[in-house]
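**Q** Here are the chains, one letter per residue:
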Amino acid sequence: MSFIKASRYSKRSPIVDVAAFLLVMAALTWVTATGTAKLGYHWQWYRVPQYLLTYEGGRWLAGPLIDGLMITFEITGASLILAFSFGLISALSRLSDSYLARMVARVYLELIRNTPLLVQLFFIYFVMAPIFDLSRFASAVLALSLFEGAYASEIFRAGIVSIHKGQWEAAHSLGLSTFDTYRRIILPQAIRRILPPLTSQAISLVKDSALVSTIAVYDLTMRGREIISETFLAFEIWFTVATIYLVVTVSLSIVVSRLERRFSETGYPVE
Amino acid sequence: MDEKLLGEEIIAVNHVYKTFPGEVCALSDFSISVRRKEVLVVIGPSGSGKSTFLRCLNGLEEVDKGSIIIDGIPLDDDKRNRLEIRKEVGMVFQSFNLFPHLTVLENLNLAQILVRKTSRKEATDFSMALLTKVGIPEKASIFPNHLSGGQQQRVAIARAMAMMPKVMLFDEATSALDPEMTGEVLAVMKQLAREGMTMVVVTHEMGFAREVSDRMVFMEGGRTVEEGPTERFFTNPKQERTRLFLSQVL
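So the protein lines, in turn, are chains Z and A.
Per the numbering used here, the very first residue in the first sequence carries number 1; after that it's consecutive.
Per the numbering used here, the very first residue in the second sequence carries number 272; after that it's consecutive.
No wet-lab data here; the hints were simulated from the structure.
Any given hint could turn out to be false.
Straight line, CA to CA, 25 Å or less: simulated SDA-like cross-link-like pairs of lysine to any residue [as the list claims (entries may be wrong)]:
{"hint": "1", "chain 1": "A", "residue 1": "Lys350", "chain 2": "Z", "residue 2": "Ser177"}
{"hint": "2", "chain 1": "Z", "residue 1": "Lys165", "chain 2": "Z", "residue 2": "Ser93"}
{"hint": "3", "chain 1": "A", "residue 1": "Lys392", "chain 2": "Z", "residue 2": "Lys165"}
{"hint": "4", "chain 1": "A", "residue 1": "Lys350", "chain 2": "Z", "residue 2": "Phe132"}
{"hint": "5", "chain 1": "A", "residue 1": "Lys388", "chain 2": "Z", "residue 2": "Arg183"}
Could you put together the complete structure from these sequences and hints?
**A** So, in structure tokens, the structure goes:
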């Protein structure tokens, strides 16, 4: 097996790949450069670093973009935990024997998946927040986690039903309760299988969190907009903001693929 | 085997009906009684309802009508009764159904700790004793996927035994195994029978049935066609249908 793979890849030297990559990047850069030149855009990259980090009085201080990134982290972190909780609970509800639980979960999923996230965010911020006295931050987290939770729910459900029915039967025949069976038998196996789609969901969450800038939460995107309105460095700042999101999401994928490899090294292969 | 003294009735199945949606009757007015220490072997063509009968005995399938009483506990809608019965009835499946994310030892320990509430130390001691009994104590720390089919099934038997059940059910326990591995699993089952375990066994291994069982049941279409003491059942079956079936499988 391994030599087939090796022969397929060895046909092409890595130098060709690197050259092709550089060529594509050069072309993209050229297109952007000539495009902006036609617009008469005046690049001022030297003004960007101060918005990331500043050196003042002998120590480094975080600039507004990094401050914004921290808020983005806080929002995505909190939403991630809540979203996966909502997702798991609604998945279990949909699979439960209770008609009521199934219906509630169904209504939640349909409602969330068939309306735009932006509308949900506004609904929670402008309608629910005044009633329940929610802060902007709390509204943002609630809207994001309800939204992503609905998608995570389907992932959890698919993972759970993919576990062979024999596992349930074996657990039941040993006298395990449904709760213990989920906790010790079904979910540990399901999680390994659904880790890749859950990661994509987490990445979507990072990206979707940019929408909270619309309710004036000072996340990375909001900070970017703020800086642009003051400095008119539209191209530089949006490039920088996009790159920061990219670094975060790519790092996330790398961490999770490492994690997957660790799982498969325990001797129990992920099917 | 002949001089084995059977105890009082432990399983009472009375007029049980079970139908699966869109299918013919799996069990139709099925009744049987099993006594303590008895080894009952159920045979019959596929689709005769013998697996359904076993799965009803520990509540994996709910019966439509009729009653099942195990060791004095009725198997009804009461969840506590069902749990109590599952603690007392061990089951071994055709497809082993070991927990692949747990080591062999953890497979055996899990229910002891969660359901029987024994300490980890005690559970481990008992699990190791059981693994020694089924001949694979050296595999304790290995994941099930690294074991042969025969070894996996022996672990599954040990796992069921870890709950100290009063009854053991075997649902075609050797059907998924290569011929050279059936022997090692049947040997473990024979040992259990010798030790006086009450067993209900669905199998196609006629040699095993004849050697180990006290009583045979031949099922077809969800009903008992014939039942009787093993020796008479094989040498002199009363029903023509039984005779025909035996002539095909022996």
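**Q** Look at each hint and say if it fits the structure.
**A** Cross-check of the supplied hints:
A hinted pair counts as satisfied when its Cα atoms are at most 25 Å apart, and Lys350 (chain A) with Ser177 (chain Z) qualifies at roughly 10 Å. Between Lys165 (chain Z) and Ser93 (chain Z) the CA atoms are separated by roughly 18 Å; this keeps the pair inside 25 Å, and the hint holds. Taking the CA atoms of Lys392 (chain A) and Lys165 (chain Z), the gap is near 31 Å; set against the 25 Å cutoff, the hint is violated. With a C-alpha separation of about 40 Å, the suggested pairing of Lys350 (chain A) with Phe132 (chain Z) is violated against the 25 Å cut-off.
Annotation: proposed proximity of Lys388 (chain A) to Arg183 (chain Z) holds, straight-line Cα distance about 17 Å (limit 25 Å).
Violated hints for the displayed structure, listed by number in ascending order: 3 and 4.
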